[in-house]
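If you read the sequence shown in full-length UniProt numbering, its first letter stands for residue 1, the second for the next number, and so on.
No lab work stands behind these hints: they were computed from the structure.
Keep in mind that a hint or two might mislead.
To be verified - Calculated lysine-lysine pairs in the DSS-like style (CA-CA distance at most 27 angstroms, straight line): (1) LYS88 with LYS62; (2) LYS25 with LYS62; (3) LYS25 with LYS2.
As the structure is a computational prediction, the values presented were derived from the model and not from experiment.
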Amino acid sequence: MKFPVPDLAVEVLSPSTEARDRGVKFEDYAANRVGEYWIISTEEATVEQFVLEKGTYHLRMKSSSGRLVSTVVTGLELEVEALFDEEKNLAALAQILA
């Protein structure tokens with residue numbers, strides 16, 4: 001990588017990029033030791049949280065509800081529903097900015 005490795009990578013799936021996000025990018029992020037990878041599906045209204053352990057991603061959570069807590073970014077927590085619901089999204093943003 002040309003730049004410092006991020007602690008967290010987040011991809012929002014689209015039909016044209018899903019194979020790449022779940023394939024090449026998934027492998028590339030693991031190989032470069034990105035500590036956590038979230039895959040967000042707007043079609044399914046779900047988020048998958050993968051955590052890097054011994055060079056391999058392991059699924060920690062796949063959900064359409066509940067609280068998503070980053071294992072690598074201290075203090076990063078949000079309700080999964082806030083990713084897909086405008087009102088909940090704005091409330092979560094207001095809380096982050098407070």
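Verification of the supplied hints:
With a C-alpha separation of about 19 angstroms, the suggested pair LYS88 and LYS62 falls inside the 27 angstroms cut-off, and the hint holds. For the hint linking LYS25 to LYS62, the alpha-carbon distance of about 18 angstroms falls within 27 angstroms, and the restraint holds. Pair hint LYS25 plus LYS2 holds up; C-alpha atoms about 15 angstroms apart against a cutoff of 27 angstroms.
When the structure is compared with the earlier hints, no violation turns up for any of them.
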